[in-house]
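Visitor: Chain residues, written in single-letter form:
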Amino acid sequence: MSHTHDRTISVEALARVEGEGAMHVEVTDGRVDNVQLRIYEPPRFFEAMLRGRCYLEPVDITARICGICPVAYQLSATNALEALCLGSDHRPPAGIRQLRRLLYCGEWIESHVLHIFLLHAPDFLGYAGAIEMAADHRELVEMALRLRKAGNQILEVIGGRAIHPINVRLGGFHRAPTRAELTSLVGELEWGREAAIETTRLVAGFDFPALEQEHTFVALRPEPDTLPPGATGYPIDGGRVVSSTGLDIAVEEWPEHFHEEHVAHSTALHGRLRDGGNYLVGPAARFSLNADRLPDDLRALAEEVGCTPPVTNPFRSIVVRALETVYAFDEALRLIAAYEPPTRPAIDVPPTAGTGHGATEAPRGILYHRYTLAADGRITDATIVPPTSQNQPAIEEDLAGFVQAHLDLPDDELQWQCEQAIRNYDPCISCSTHFLDLTVDRR
Amino acid sequence: MNDRIGRPKVAVFKFASCDGCQLSLLSAEDELLAIAGEIEIAYFLEATRDVVDGPYDLALVEGSITTPSDAERIHEVRRQSTTLITIGACATAGGIQALRNFGDVDEFRSLVYAHPEFVETLGDSTAIAEHVPVDLELRGCPIETGQLVEVINAILAGRKPVTPTSSVCTECKLAGNVCVTVAHGTPCLGPVTQAGCGARCPAFLRGCYGCFGPAETTNTPSLAGWLTEHLGIDHPELAHLFRTFNADAPAFRSESRRQEAARR
Numbered sequence: 001m002s003h004t005h006d007r008t009i010s011v012e013a014l015a016r017v018e019g020e021g022a023m024h025v026e027v028t029d030g031r032v033d034n035v036q037l038r039i040y041e042p043p044r045f046f047e048a049m050l051r052g053r054c055y056l057e058p059v060d061i062t063a064r065i066c067g068i069c070p071v072a073y074q075l076s077a078t079n080a081l082e083a084l085c086l087g088s089d090h091r092p093p094a095g096i097r098q099l100r101r102l103l104y105c106g107e108w109i110e111s112h113v114l115h116i117f118l119l120h121a122p123d124f125l126g127y128a129g130a131i132e133m134a135a136d137h138r139e140l141v142e143m144a145l146r147l148r149k150a151g152n153q154i155l156e157v158i159g160g161r162a163i164h165p166i167n168v169r170l171g172g173f174h175r176a177p178t179r180a181e182l183t184s185l186v187g188e189l190e191w192g193r194e195a196a197i198e199t200t201r202l203v204a205g206f207d208f209p210a211l212e213q214e215h216t217f218v219a220l221r222p223e224p225d226t227l228p229p230g231a232t233g234y235p236i237d238g239g240r241v242v243s244s245t246g247l248d249i250a251v252e253e254w255p256e257h258f259h260e261e262h263v264a265h266s267t268a269l270h271g272r273l274r275d276g277g278n279y280l281v282g283p284a285a286r287f288s289l290n291a292d293r294l295p296d297d298l299r300a301l302a303e304e305v306g307c308t309p310p311v312t313n314p315f316r317s318i319v320v321r322a323l324e325t326v327y328a329f330d331e332a333l334r335l336i337a338a339y340e341p342p343t344r345p346a347i348d349v350p351p352t353a354g355t356g357h358g359a360t361e362a363p364r365g366i367l368y369h370r371y372t373l374a375a376d377g378r379i380t381d382a383t384i385v386p387p388t389s390q391n392q393p394a395i396e397e398d399l400a401g402f403v404q405a406h407l408d409l410p411d412d413e414l415q416w417q418c419e420q421a422i423r424n425y426d427p428c429i430s431c432s433t434h435f436l437d438l439t440v441d442r443r
Numbered sequence: 001m002n003d004r005i006g007r008p009k010v011a012v013f014k015f016a017s018c019d020g021c022q023l024s025l026l027s028a029e030d031e032l033l034a035i036a037g038e039i040e041i042a043y044f045l046e047a048t049r050d051v052v053d054g055p056y057d058l059a060l061v062e063g064s065i066t067t068p069s070d071a072e073r074i075h076e077v078r079r080q081s082t083t084l085i086t087i088g089a090c091a092t093a094g095g096i097q098a099l100r101n102f103g104d105v106d107e108f109r110s111l112v113y114a115h116p117e118f119v120e121t122l123g124d125s126t127a128i129a130e131h132v133p134v135d136l137e138l139r140g141c142p143i144e145t146g147q148l149v150e151v152i153n154a155i156l157a158g159r160k161p162v163t164p165t166s167s168v169c170t171e172c173k174l175a176g177n178v179c180v181t182v183a184h185g186t187p188c189l190g191p192v193t194q195a196g197c198g199a200r201c202p203a204f205l206r207g208c209y210g211c212f213g214p215a216e217t218t219n220t221p222s223l224a225g226w227l228t229e230h231l232g233i234d235h236p237e238l239a240h241l242f243r244t245f246n247a248d249a250p251a252f253r254s255e256s257r258r259q260e261a262a263r264r
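Chains as they are written, first to last, in our numbering: chain A, 1 to 443; chain B, 1 to 264.
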């Protein structure tokens, strides 16, 4: 059938992703020979804008790279600058580290729930979007909104604002919340934990298109002695960089193992391993490399819903996101119970000449920051590597594999499933500091 | 638009931005489904792949104009829309990416990209109102969800939306906060920044950093002089204070330029 032999599938504007992107697939003689995830998010030049600014400012400025995961930017920046100015062995007091991890749990909940219910579930249930889905599944969408709100409330109480929190600063916070303020969150978080468990069971029952991909996974893995009281060891706000191929390095060794390429068809720089291979960051990588760090009851839940490491079907990432949402509620409750209000909301971080590296696990995967400072604290160089740039080569590889295996599908169905394959990675296109405008060849 | 049969058609358009302001609509957890029942969401790519052709009764526009193709696209958006509201600092003042307006965009481009020739961009990041007429501007980096809900409600009811144009100082006093500048010597842009956030930063013992942009009537030279005289804040910090998320809003732009010129 000639239809399966020569085809072009083009989606000019991807929906339900954060930012602007398009997809282009070409099939010749029954073989997929060109797959491009095209990014046309306009360039914003964050790394250039940071030059000459004061070292205290990246916390606020880089948050504006992404409205969905600003805390990831704030805390990767903090990690990098504190590693330089305080030394990588010196950490702020336990209470500050508890608040940071708790704040980050709020962002994981807000972002994961947005993706699970509002961006990704409509694909599995056959709706164009969550609003349309609400017509038939109102209770589900109401539960999603309440779950998001629970996450956003953590961000409001600790961060002072859900989107672009105002309370984070180098060395800690402008004001530390009281125990009572945190305790006021507990009731809704306990509800959220149960609702997230229900969510996990629900999404695990979705119908997953068949696709097995052997990606190299890269994720953080915290050293247990760096965790504040109440925290358990799944990676969120820092750790060493590990991979499924045996890499195990400190964050400051990042530039020796990873680099970014600028390709013509996409405005995002493409992340690669120094040996040339693609790799994958995000929930599937985190879970596959750190499942042993989950508490026993969560591991049991993962097993019950058939989610065991390694997660090689990218469509099942939604199940991992749901499990991580349960973890974030759980961890938030543990951190609140163990909260030790710091005597001062922030420690002093004196400017130091040199280069600092920092990374955290943004909801979509590792977010790496590097800053070089002059002795007076002026930034002379900044590098930011967001998760979506790192995942872009792997997303394209998935699309090629998926289209090749499903050439028998009619165009509209194949197109929707390809979009879904992209949404598996929750690509945050605005997150790419490096995205640039490109003249898209619109066919 | 209320005498029209059927629900008003609402579209959400994105230009250069972080997506945070359109996310504010999805973050109206308590109101979202009620609002969605009263309007037809005709174009909102972040939320749905269903696209209804224009014209639209209401367009919410996020982001600034930074590329030649976007400079054309905004005219098409305007042609298709009865009411056009800009949401957030990028759309109303060019956003953080307007820092390029004070530098050399070619240098920026080669700093970030190995192949700057692949990158198409304009020299400046500009507000939507510099390209097309705008019916209403919502300030903030990001906007306040409550203000967005108020604007949508007002439009559905056919009345004028209530959004304050006083300064953050007014809201701060109403909230009963202690003044962070007077009590703690913390620099604060509250006196010259438009209200609307409820004085979030001073409530967390931090100075306002101006994310709602300049208030209707401001005296930035007076504030700058005071900050130098009483708190010893000098160049380049003083210029940087005015040069963040609303750097290219006229009152903030002229103040940061004035500071720069004074030190040359």
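Treat the hints with care, since some could be wrong.
Stated by the list, open to error - Facing chain B, a subset of chain A residues (Cβ under 10 Å, in silico):
{"#": "1", "residue": "45"}
{"#": "2", "residue": "68"}
{"#": "3", "residue": "128"}
{"#": "4", "residue": "166"}
{"#": "5", "residue": "167"}
{"#": "6", "residue": "171"}
{"#": "7", "residue": "174"}
{"#": "8", "residue": "345"}
Claimed, not checked - Pairwise CB distance ranges (calculated):
{"#": "9", "chain 1": "B", "residue 1": "157", "chain 2": "A", "residue 2": "255", "range": "33 to 41 Å"}
{"#": "10", "chain 1": "A", "residue 1": "216", "chain 2": "B", "residue 2": "183", "range": "53 to 61 Å"}
{"#": "11", "chain 1": "A", "residue 1": "292", "chain 2": "B", "residue 2": "166", "range": "53 to 61 Å"}
{"#": "12", "chain 1": "A", "residue 1": "180", "chain 2": "B", "residue 2": "146", "range": "19 to 27 Å"}
{"#": "13", "chain 1": "A", "residue 1": "10", "chain 2": "B", "residue 2": "55", "range": "25 to 33 Å"}
{"#": "14", "chain 1": "A", "residue 1": "54", "chain 2": "B", "residue 2": "222", "range": "17 to 25 Å"}
{"#": "15", "chain 1": "A", "residue 1": "344", "chain 2": "B", "residue 2": "34", "range": "41 to 49 Å"}
{"#": "16", "chain 1": "A", "residue 1": "124", "chain 2": "B", "residue 2": "103", "range": "57 to 65 Å"}
{"#": "17", "chain 1": "A", "residue 1": "93", "chain 2": "B", "residue 2": "219", "range": "53 to 61 Å"}
{"#": "18", "chain 1": "A", "residue 1": "93", "chain 2": "B", "residue 2": "40", "range": "50 to 58 Å"}
{"#": "19", "chain 1": "B", "residue 1": "55", "chain 2": "A", "residue 2": "136", "range": "23 to 31 Å"}
{"#": "20", "chain 1": "A", "residue 1": "56", "chain 2": "B", "residue 2": "230", "range": "14 to 22 Å"}
{"#": "21", "chain 1": "A", "residue 1": "411", "chain 2": "B", "residue 2": "40", "range": "21 to 29 Å"}
{"#": "22", "chain 1": "B", "residue 1": "30", "chain 2": "A", "residue 2": "135", "range": "16 to 24 Å"}
Hints in this document: simulated from the structure, not taken from any laboratory.
Note that CB positions come from ideal geometry on N, CA and C, so glycine has one too.
Visitor: None of the hints should be skipped; say for each whether it holds.
Guide: Structure-based check of all given hints:
1. 45: holds (4 Å)
2. 68: Holds: closest Cβ of chain B sits about 6 Å from residue 68/A, inside 10 Å.
3. 128: For residue 128/A, the interface hint holds, since the closest Cβ of chain B sits about 4 Å away, which is under 10 Å.
4. 166: holds (5 Å)
5. 167: holds (5 Å)
6. 171: Where the cut-off is 10 Å and the nearest Cβ of chain B is about 13 Å from residue 171/A, the hint is violated.
7. 174: holds (4 Å)
8. 345: For residue 345/A, the interface hint holds, since the closest Cβ of chain B sits about 8 Å away, which is under 10 Å.
9. 157/B to 255/A: 33 to 41 Å: violated (56 Å)
10. 216/A to 183/B: 53 to 61 Å: Between residue 216/A and residue 183/B, where Cβ atoms are some 54 Å apart, the hint holds.
11. 292/A to 166/B: 53 to 61 Å: holds (56 Å)
12. 180/A to 146/B: 19 to 27 Å: holds (25 Å)
13. 10/A to 55/B: 25 to 33 Å: holds (26 Å)
14. 54/A to 222/B: 17 to 25 Å: About 24 Å separates the Cβ atoms of residue 54/A and residue 222/B, which means 17 to 25 Å holds.
15. 344/A to 34/B: 41 to 49 Å: holds (44 Å)
16. 124/A to 103/B: 57 to 65 Å: violated (46 Å)
17. 93/A to 219/B: 53 to 61 Å: Since residue 93/A and residue 219/B have Cβ atoms about 41 Å apart, the given range 53 to 61 Å is violated.
18. 93/A to 40/B: 50 to 58 Å: Holds, since residue 93/A and residue 40/B (Cβ atoms, about 52 Å apart) stay within the stated range.
19. 55/B to 136/A: 23 to 31 Å: Given a distance of about 29 Å, which is inside 23 to 31 Å, the answer is holds.
20. 56/A to 230/B: 14 to 22 Å: Holds, since residue 56/A and residue 230/B (Cβ atoms, about 20 Å apart) stay within the stated range.
21. 411/A to 40/B: 21 to 29 Å: holds (27 Å)
22. 30/B to 135/A: 16 to 24 Å: Since the Cβ atoms of residue 30/B and residue 135/A sit about 19 Å apart, the hinted range of 16 to 24 Å holds.
Checked against the numbered hints above, the structure breaks hints 6, 9, 16, 17 and satisfies the rest.
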